[in-house]
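Chemist: Next come the chains, spelled out residue by residue.
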Amino acid sequence: MQLAVYVGLVHRGEQMLAASFRRVAEGHGDEVDVVHTCIALASWCGAHVSHLAPVIERYGEQEVSEPERLHANAMGGTRSGPVGLLRDLQDLLLLTTFVHSCWTVIVQAAQGARDEELLEIAQNCLTETNRQLTWLTTRIKQAAPQALLVAK
Amino acid sequence: MEARSTGGVHLAPRPGTNLALMNALTRELFVNGWVDDGWVDAHTHGVEELRQVVDPYPPEVSAEICGVDPDDIRSAARIFGTTERVLSTVLQGFYQSHQATAAAVAVNNLHLLRAMIGRPGAGVLQMNGQPTAQNTRETGADGDLPGFRNWANPDHVAELAALWNVEESTIPHWAPPTHAMEIFRYVEQGSIGLLWISATNPAVSMPELARMRRILGHGTHSPFLVVQDLFLTETARLADVVLPAAGWGEKTGTFTNADRTVHLSEQAVDPPGQARSDLAIWLDYADRMGFTDRDGNPLVPWQTPEEAFKAWQACSRGRPCDYSGLSYEALRGPSGVQWPVRAEAGEGTERLYTDGVFPTASAYCEDYGHDLETGGVVTPERHAALRLDGRALLKAAPYAPAHEEPDDVYPFLFSTGRSVYHFHTRTKTRRSRPLHEAAPSPWVEISADDAARSGFSDGDFVRVESPRGHIDVVLRTGPVRDGTVFAPFHYGYFDVNAGAGADEARGDKQRAANELTMTVWDPVSKQPLFKTAACRVTPLPAPGGGG
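Residue numbers (numbering that gives the first Met the number 0), protein chains in the order written: chain A, 0 to 151; chain B, 0 to 546.
Any given hint might turn out to be false.
In silico DSSO-like pairs for lysine-lysine, Cα to Cα no more than 27 Å straight-line [unchecked claim]:
1) A/Lys151 <-> A/Lys140
2) B/Lys525 <-> A/Lys151
3) A/Lys140 <-> B/Lys309
So, partial list: chain A residues that the calculated Cβ filter (under 7 Å) puts toward chain B [what the hints assert, rightly or not]:
4) Thr96
5) Gln122
6) Trp134
7) Lys140
8) Gln145
9) Ala150
Covered stretches of chain B (chain A as the covering partner; in silico rule of three or more C-beta atoms under 8 Å from a C-beta of chain A) [unchecked claim]:
10) 183–195
11) 361–375
Simulated from the structure, these hints should not be mistaken for lab results. C-beta atoms are modelled at their ideal positions from N, C-alpha and C, and glycine is treated no differently.
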């Protein structure tokens, strides 16, 4: 059983995403809706990590040894200005998509394994990750025209 | 106090905790079997999700969060859950507080769970502050599309484009409307260079006034500012161009109340001096700008108020706020007709939702909805998949603490609000002698117990300070929750040392409650929040003359 690989991936993914949401909140202090929403969404990631505890206990988690082809590391810094905000939100969208795909895989495995507890945890986390994607998409669409066409 | 004396309950939750209270009331309906299951099944969607969201809020839990008696929550829920008729009215106490949309929606949920809608004595009035606010929502003057059209619905955009004979791409519909708080942010960043403000006074009425003055007046990116108003407001003093506008008795037009009643208000006197009606000003602007339609004809083909009303009738046809059967002539008959008025010379519609059918069908609805916690927009596909088709959608969210909570440095909660004597920023009411004399100067209110604990007495001069600014005002004791400071938001400084000598450093401007409030808004409605901030109160020597 290789489920431990994805338990490890989603565990590190959620931690990486929480740190990234917090970094964007810190880096764009004047965009107050971004600040408050990113802090709230970081706390969702934290909750997902704590939901994982019984899963890690049951299945363990395994570091993958093969080289990563696409790196999903936490954001190291933020950009500035309207286009910078757009790019940072886009980075968050990509990182969130990575976590979303991890949960999608785990939901599939949970169904195959008929593990009701895992299925409920994974489905709830998948739903909330979807809501994170929805907000990011909304905010990006809102910011894009002004940032690309008008802002200096 | 009146509620208690008539056998009712007055729930006064800590500012910022409305949603915790609403979730507890909703949960009580479920656990006590006060839900009309058959009606809910036929006319709503999402009852199971709602039940799950409110389940963690038994009265004791919410009572702790809200600082109220759990038995009062039970009593209030029993009144709501067991009486034959319930009418709710909702206003700024919800709309301008934390989790505003979620809490306002929760009131709708209570009514839907009990089928308390669409018949005499049962309904919800989600109010506007004034009839013009109702009209701006209907006509799209808040940045939405006219007639409650849905910016994300291509058919609605196409309808408007056909009506106005313009390309669809000239109607901004590719993202949610840019709300006022975002507009001010763009001004702050310099990507909006011209700002035209009509009939409002953000230099006093918006949050965090030091920031607003920086944005409007003397920041690095100050816009070219046009202000259109009846009087020279604090905002107008910052303007590059002031356009004097006519008041309601000086022009003709219609007003619609929160209960959809349309009134015709006819001009009684000429406007003074150079003042002109808003309509005349906008038409002149459109004419000078040379706005044209797809065929090169003037974009705005109408001139008089009655012609504008006819254009609006055509625009509203087939929408929830249908005015097509109305006319100035009809409005000169029995005063006040409620929309929708669909049939020619129709009688109006006294009551909505008598059949339990709601405007939620995907092709018809004003909006596909939002995530109540983040504001993320629901896609057309997801909305269509719900197959609401006239059923009301029950939406809910968990309580979250407000953005700023009291601490050791700022130990009080700060909430702004209204006095009965003044409207908005006193632009008009300051000029009525009886109203001015009834409430001539700003104050803050705290509870008698807090005053005693802090060593204050009625009439003391105090400084009230938040992380963003301060005001120096008189302190009163009154029926305010312990731990809370209330300040009326009406008072600016246009009538204090007006003109020469007015000087921020001398404190002339330190009267407006919004010096203290936070720049923060509801994720769905985008309305700024004025009911949650932290502050401290310190004594000042009595002011020496003037002020």
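Chemist: Could you run down the list of hints and mark each one as holding or not?
Modeler: Cross-check of the supplied hints:
For the proposed pair A/Lys151 and A/Lys140, the alpha carbon gap of about 18 Å is at most 27 Å, so the pair holds. Taken as a hint, the B/Lys525 and A/Lys151 pair is honoured in the structure, with Cα atoms around 25 Å apart against an allowance of 27 Å. Proposed proximity of A/Lys140 and B/Lys309 is contradicted: the alpha carbons are some 35 Å apart, above 27 Å. With a least beta-carbon distance of about 15 Å to chain B, the hint placing A/Thr96 at the interface is violated under the 7 Å criterion.
Because the beta carbon of A/Gln122 sits about 13 Å from the nearest beta carbon in chain B, more than 7 Å, this interface hint is broken. Using the Cβ-Cβ criterion of 7 Å, the hint placing A/Trp134 at the interface with chain B is satisfied: the shortest such distance is roughly 4 Å. Hint status for A/Lys140: holds, given a least beta-carbon distance of 4 Å to chain B, under 7 Å. Annotation: A/Gln145 was flagged as interfacial toward chain B, and the flag holds, the nearest CB pair being 6 Å apart, inside 7 Å.
This hint holds: A/Ala150 has a C-beta 4 Å from the nearest C-beta of chain B, less than the 7 Å allowed. For a cut-off of 8 Å, the count of residues in the segment 183–195 of chain B with a CB near a CB of chain A stands at 7, and the three-residue condition holds. Residues of the segment 361–375 of chain B lying with their CB closer than 8 Å to a CB of chain A number 5, which satisfies the three-residue condition for coverage.
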